[in-house]
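As a plain string of letters, each chain reads:
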Amino acid sequence: MNSTLHPMRAGVLLGAVLLSGSALAAPQVSKTAIKAGTVMTLDGDPIENGVIVIEGGRVKAVGAAADIEIPWDATVIDQPDLVAFPGYVEAHVARGIDRANETLDVAPFLDVRDSIDPVNFYFEEALRNGLVAINVSQGVDTVIAGQSRVVQPFGMMVEDMTIKPKSGITMSAAPRRGKTRAIQAQLLRGAFDDLERYLREMVQRRKDGDDFDRREALYQGREIEGEDAEGRALQSEAWSIEGFELVPRGEVDEKRAPLLAVIENRMTAFVYCGSPMDVHTALRVADDNGFTKSTVLYLDASCWKAAERVKSAGVSVILSPSLTHVDRDPITGEEIETFVPKVYHDAGVPFALASTSDAQRSLWFQAAQCVANGVPRAAALAAVTSTPASILGLEERFGAIRPGSDGSVVLLSGDPLSVTSVVQHVVLAGEHVYDRAKDVRVKLLLDGTRPPGTSADEPEEEPYEGDGDDGTDDDEDEGENG
Amino acid sequence: MLNTMLLSTKITLAAAALLPSAAGPAQDAGQDAAPTRSHTVHAETLYTSAGDSIRNALIVVDDGKIAAVSPGVEATRDAIRAKVVTAGMIDASARINVGLRSVEQGSEITPEVESRFGIDPFDARWARLARSGVTTAFVAPLNQNCIGGFGTVVKTAGGADLVGRTVESARMICGAIGSQPSQRNSPAFGRPSGLYNRRPTTRMGVEWEWRQSFFDAGQTPAEDANERTRTLQDALAGRVGVFVQAWATQDIRTAVFLKEELMREGFGELQLVVDCAAEAWREIDMLKRTGTAVVLPPLPSQGRTRDSALMPLDTAHRLVEAGVDVCLSAHAGDNPGARLDVQAGFAMRGGLDRAQALRAVTAVPARVLGIADRVGTVEVGKDADLVLWNGEPFEITSRPVGVLVGGELVVDPRD
Amino acid sequence: MLTPLLLEPALVLAGALGGPPPAAPETLALRAAHVHVGDGTVLEDTVVVLEGGKIARVGGDAPSGVRVIEVDGHLSPGLIALRDGTGAGSERTESTRKLTPTVDLARAFDPEHPDWARLVREGITTVVLTPGSSRVAGGVGAIVSPALGEVVKPGALVCLGASSRSLSTNEEPTSYAGLYAHLGRAFSEAADGSPLARAKAGSLPVMMEVVERSEAMLAVEFAKEHGLVGALVGLRRADGAVEAIAASGLGVVFEPAGVGASRTTLMSARLLHEAGVPIAFTADAESRGAAALRMAAAAYVRAGLGSEAALQAMTHGAAEIAGVSGSHGTIAAGKVAELVVWSGAPTDLTSRVLHVFAGGEHVYDAQAHGGQEAR
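Residue numbers (the working numbering), protein chains in the order written: chain A, 1030 to 1511; chain B, -4 to 410; chain C, 437 to 811.
Derived by calculation from the structure, the hints in this document are not laboratory data. Any given hint could turn out to be false.
Facing chain B, a subset of chain C residues (Cβ under 10 Å, in silico) [as the list claims (entries may be wrong)]:
| no. | residue |
| --- | --- |
| 1 | 530 |
| 2 | 611 |
| 3 | 616 |
| 4 | 617 |
| 5 | 650 |
| 6 | 657 |
| 7 | 676 |
| 8 | 677 |
| 9 | 784 |
Derived list of chain A stretches under chain B, where covered just means 3 residues or more per stretch with a C-beta under 8 Å from a C-beta of chain B [as the list claims (entries may be wrong)]:
| no. | segment |
| --- | --- |
| 10 | 1113 to 1121 |
| 11 | 1275 to 1286 |
| 12 | 1441 to 1448 |
| 13 | 1468 to 1476 |
Note that the Cβ used here is the ideal one computed from N, Cα and C, for glycine as well.
Full structure from sequences and hints, please.
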């Protein structure tokens, strides 16, 4: 793993956050109590003058100040003017890694663990925006990409950041750059056909007494013992491979194992669709291979036209950052705008929102837009908290502040969806990791100054879009396809 | 006030009876004629941009103008209801021109050219702008020349005839100081050819062109002046404003220093507006001293904008607090989906209160562009350019749900 | 409908020769089952008398002692192609200057060019030669007769370019504002009696090239300001601008469009026609082939333009726009004897041109030529 730290970057990060020392060397049972003017638990009504007690990284108790006893040895964060909030969950993002996309069409054996750069500016920005859990994935310019990982935006090593490894595999039904839909669909289907052929051949080799697979596994450096030494019948809802139970699971090639996990519904498949027609391809592949129930569709705005199909499949969806889809009447040239989340809300499809690449328009902005366009506030908040948490299988840990959930709390200056509210503090698993007052970079962004003796390492400038404009427009202004 | 309103309504009805063209909203259903420009709008809260907000306001629109505004009145049966109503927003830097064909590059100083030739009334971006609550926009030629020509103020709706949509405004010549006017003047390789073999290729050259042209104009006797020189002389005399794009501190300084230098030399005083003034916050005193108004570009994602200019979140706030005239802009022509109300929201995030943010997209640009007699506030006699909101303006949880431009219901909240 | 024509063999022989035309064309009469007048009306079973190169009479009985040709098909005026550069090649565009308003396209007319025969075979008897589209004021268009090899009217139209095609990246004008500044200056500085001065006085029509609607709106405004009459040429779509164009009194000339052309373009012709705007089509035979004119008409008919309206656009409408409706464009007494005999309805693409008369002469006979050269 490449964990080289830019000295400057690291300095900024350390300078920007508080109590970093204690975060690196956690005591046996850390106790933190947060007193806030309002606690929005998202698990019932907001609590005025609420208290949250976090022990060992988990919420021990939450309630009105009068009802909760704060342990004598807890670190108390007392913010009577702030609003405590569970924090935002990003369901699928290809940032914080070196390069989003792989040149190989099918590479499910890759793991973003090897790509995540803990000091990447993205994580600093995510912390500032109140994100507490981020599913970092490879990009969608792929057929089958590597395995994603849920991380918190704080920590010096990927292992420190990790909330959930191997959280899913990213696939795409939309054509890769320069490819056609036909080849894309064929490659996607073909990957599963290949897997089936491979598994059958394995069984055959086993029956023939050929120990090729065992030797390969040992060659790859894998020990085959315990569970791995045993064979199990294929747990698939669509396939049957006679005699597969004869094959010790540990002998399955590590390059094939991730897709085997997908068809056995042990691994979530995040399938990107760039157009409504891709939705049909994606769901057919999932259905043919029996993994519909662990499929999550990552949808371009145009896919709203397939909302009924999505609903009948019973899958959850993640909506790409551009929330308004614009169609042009071919005759009159008039534009017809569709606010996409409303369509899924009305159809009863669970949806999660994704951030734009603009730091000013993080998940709060996306959720607020939903409210403006008629999605009820509770549903809009769910789309950036509990729904993404449950898509990632983390519904017990994130998305609400309740006993047992992760002790991740964001303290905001006001209502989470108000344009004037900002994140003042972030507590991750009981550790106070962000204090806006000590954020060097926010100071620069806020009023153009830097505290003396600091040097804010600025991110690479994005090219200014504009000028020389010819009136043509493309609607993928904020689309994440990186 | 109530009496006045009732009187006005009566007059409206009387007029409707006399003139078939002024048919009331009740009668025109199903007719295929030109859209009616008479409506009644009821606001739970009306922000007039001209004072305090008004609760339960009834706004009577007659033939495209605001005929009456009455506080504390219940909605009439035919009224279009809205939670909040504001004046139509004005984008002082909408940038909806036809790109390179909007600026004449045969010379770097073409002040006499009219930008209206570079506007396409059929551009889909106009309808988008209108839907987003922007009812008036200032369009300058592209920043390819040092001085590109006269800007044009147009309504964002009202048909194909641009002449009918144009709002008579202060005459302003538009140009740029900084890296843009020099960008395409030297060939990528080899010897320069054609009209690209020209100055300027640097910032210094850009400034030189500006100064040279004004000095020449200032020294030319009126009887020898051609159209170009006359236009520059009008600018020196203050009859024509100067709308300069300058992002970075050094370029803002150049613009202001040029103005002061021309004053010292006795040539006259330029009426300066700095567009895209991302770093105006670094030179607040200078802007105040010279009475220079600014138009701010959209807030960048990471602080840096064009020319590496740093634009912090509190830019608008600091300038407004210091007493500088601040207009916000969204550059909707450059970025589809860019919204001026979101820029106003971010300005609030940076410290403006809602009333200040509202003025920065209504009354202030109206004054700066010289169109305050027609637009920018909700007052009797003004154009009926109204935005109907489903919540507090500039919150991201709200949006324009109804828009009237010149009394015409461009977006109907009842749809 | 493909009933063979009853033609006297002598006529066929006379017309078959490619030599110089006879001194005075014969007086003759055609009796046709369907006479498409060109103004939208169709006369049934009507006699048309040709005399001295002109149409002497339409209707009544055939005069005695005159040879009568029975046409068991359709008769229409010769088609008029607005904008063409057949045979001129690069000679029609003065490429070093954007404004050469007094240049006369008649000088670029090559009467002997073999390609003209293709136009005649398609029933085109009148052509407006124009400068290339990339100029701002490329010259005055000339009306020529490809069948007779004669210039019918030099200096007939002022040709202006007001589309993005006239804008360059490396010479002035680069902008619409610059383009109109140049045009405005050229008009205001035009010497008395010059083409631009005559255009300003309304005595010489203009053809202004525009492609986009925004360009059309600017052209309409300019025409209004300078009192110009004539037409917009090359407009792709008119929806939303119909009212303004109709009010301007200008006609609209569409470029050849295949059946695959944008529906908005095809619909625009109908919208304009219904609003009373004269419409016509360009030929651009030098680049698109001689059949493009009638193909275009068929495409517009398919999109809802009436077939008589389409024929009118190729005859009377075009003549109006070119300022020669007094002599060309309809089958009426006093007009030049330019007629086409068709095997079926003229706008039906399956119809073939059987005979062409120009200046009263029988210049093309499909049977005699076997589809080969005319003249």
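Hints, one by one, checked against the model:
1. 530: Violated - the Cβ of residue 530 of chain C stays beyond 10 Å from chain B, reaching only about 18 Å at its closest.
2. 611: With a closest approach of 4 Å, the residue 611 of chain C hint holds.
3. 616: holds (6 Å)
4. 617: holds (7 Å)
5. 650: The hint holds - residue 650 of chain C has a Cβ within 10 Å of chain B, the shortest such distance being about 4 Å.
6. 657: For residue 657 of chain C, the interface hint holds, since the closest Cβ of chain B sits about 7 Å away, which is under 10 Å.
7. 676: With Cβ-Cβ at 5 Å, under 10 Å, it holds.
8. 677: holds (5 Å)
9. 784: violated (35 Å)
10. 1113 to 1121: violated (count 0)
11. 1275 to 1286: violated (count 0)
12. 1441 to 1448: Holds, because 3 residues of the segment 1441 to 1448 of chain A bring their Cβ atoms closer than 8 Å to Cβ atoms of chain B.
13. 1468 to 1476: holds (count 4)
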